[in-house]
Amino acid sequence: MIRRGDAGYVFYMPKRDIEDQITSMEFDSPEKWGGEIRLKNGGIYFIEPQSAPERLPCSLRAKRIDGVE
Amino acid sequence: MSALTREATETLIQEVLEIYPEKARKDRAKHLMVNDTELESSKKCITSNRKSLPGVMTMRGCAYAGSKGVVWGPIKDMISISHGPIGCGQYARGGRRNYYVGTTGVDTFCEMNFTSDFQEKDIVFGGDKKLAKLIDEIEMLFPLNKGISVQSECPVGLIGDDIEAVSKKAAAQLDKPVVPVRCEGFRGVSQSLGHHIANDSVRDWILSNRDGQPFEKTPYDVAILGDYNIGGDAWASRILLEEMGLRVVAQWSGDGTLAEMENTPFVKLNLLHCYRSMNYISRHMEEKYGIPWLEYNFFGPTKIAESLRKIASFFDDHIKEGAERVIEKYTPAMNEVIAKYKPRLQGKKVMLYVGGLRPRHVVGAYEDLGMEVVGTGYEFAHNDDYDRTIKDMGDATLIYDDATGHELDEFVKALKPDLIGSGIKEKYVFHKMGFPFRQMHSWDYSGPYHGYDGFAVFAKDMDLTLNNPCWKMLKAPWLKEEAAELKAA
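Protein chains in written order, with the working numbering: chain A, 83 to 151; chain B, 10 to 498.
It is worth saying that the hints were derived from the structure and are not from the lab. Every residue, glycine too, gets a C-beta built ideally from N, C-alpha and C. Just to be clear, a hint being listed does not mean it is correct.
To be verified - With a cut-off of at most 25 Å between alpha-carbon atoms, the simulated BS3-like pairs for lysine-lysine come out as follows: (1) B/35 / B/422; (2) A/97 / B/481; (3) B/358 / B/297; (4) B/351 / B/400; (5) B/425 / A/145; (6) B/351 / A/145; (7) A/122 / B/53; (8) B/329 / B/358; (9) B/484 / B/425; (10) B/53 / A/145; (11) B/39 / A/97; (12) B/441 / A/97; (13) A/97 / B/60; (14) B/53 / A/97; (15) B/52 / B/32.
What the hints assert, rightly or not - Simulated DEER-style distance windows between Cβ atoms: (16) A/89 / B/484: 53 to 59 Å; (17) A/140 / B/99: 25 to 31 Å; (18) B/181 / A/146: 31 to 37 Å.
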């Protein structure tokens, strides 16, 4: 689940209880949104690039590429 | 200042771990840490929400306890059926002191035990028919119930009963929500998964029941989430919110009703007290209904003032003024309480081992009384709880996750706290060791502890326990003689 925090996007993964700021997102425009995202804790995830969600928070599928579980 | 230095605390952890076999020692070492307030994330130094080590005493519950005992049980006008053998329901009955208003057995049912009392033949032939019959009987005997939840115990999951089908059929027949909850005790590592399952079932079966129906809104609607009204806690919180001008639409789930839960999607802000047990549903409501949520802490005047201001910041000036007015109104009374009890409690050390939100939330209340929390720990927390705890606790204090009986004993012996706060299972052990002890699950049959009114009770209780003369008389006679002989020699 991605929500908007005080400073940019916040990433939350249920069950694993990972809640952290997103430091960088590959694509961040209304038409193309997602791609590789990097978290403050070092984790790297991948979200299939898509048009930006109309409102946040929203749940979507993310693949773990690297970093802490 | 902590009781011990960082090195001393680390040595203590090593000493305590020494007794374990190597494999167990390695596992337990991950669950104990020395607090470092500069840490951003707890992930690297403490592991939590893992299966308890077999063969040691642990204080955890099961998924059924988390669902029936914590989340669903306190909803007063719903009947929670303990579906399975009789013990789970009977021995968990009324243990949490969730106060409510109503006539038990007529329109409210929290203190009663409804169970399908599984026998061998139900295990062999399945218990679905029995459940259907039980629901019919409930409807006949208690027609004022507003809904029914079916809380599965272990055997139901093991034999694969289809409680969903029975519930759906019964719901259509009765025209009331009948909620199947798959909270079999063997699921997950602790009661924490039970909270999650319960939240999910609320989401699936209750929350959207009134979508699109008319509701008279005000701009100041809020809901209290994760307050179970233990000893009247939710009432002590609610009056503060109402006094500052907010309208409390729902209480989840202490003294809560089904209608309140169904109306929650209409509120402007969800106020979350117990993060661990209700964050799931808050996140869901944020996503589906766009309702922001906010964690607050109503233990001790410092934290209350902080929380009231934080809550008010979501609203207009009317509420902001209201918050200041409330703080101003209660400050003199709180100063009186502190002036009375602080001299008697100043500098005393406290050790906590509880669950949910208390290991971090009550720290502020103790600090208001001049006391210091030297060690804290959760029974079933996850890493996000520890992330929050690190900030609230002093540097170099001890933090333990899912502590075992041996660890707690040894930590207490080494840290020699002046007061221990934990549950009933630990109470008499520490009484016998001569340590003042308060139950921090049920407030030791006292309460409320939330809110300004609660703080006065909290301060008095801590003083009564800590300064009770009985603790000096607890030395065993044979130990006393030894001491006397030593003196003579």
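(request) Could you check the structure against the hints above and give me the numbers of any it violates, in ascending order? (result) Hint check: 2, 3, 5, 6, 8, 12, 17 and 18 fail, others pass.
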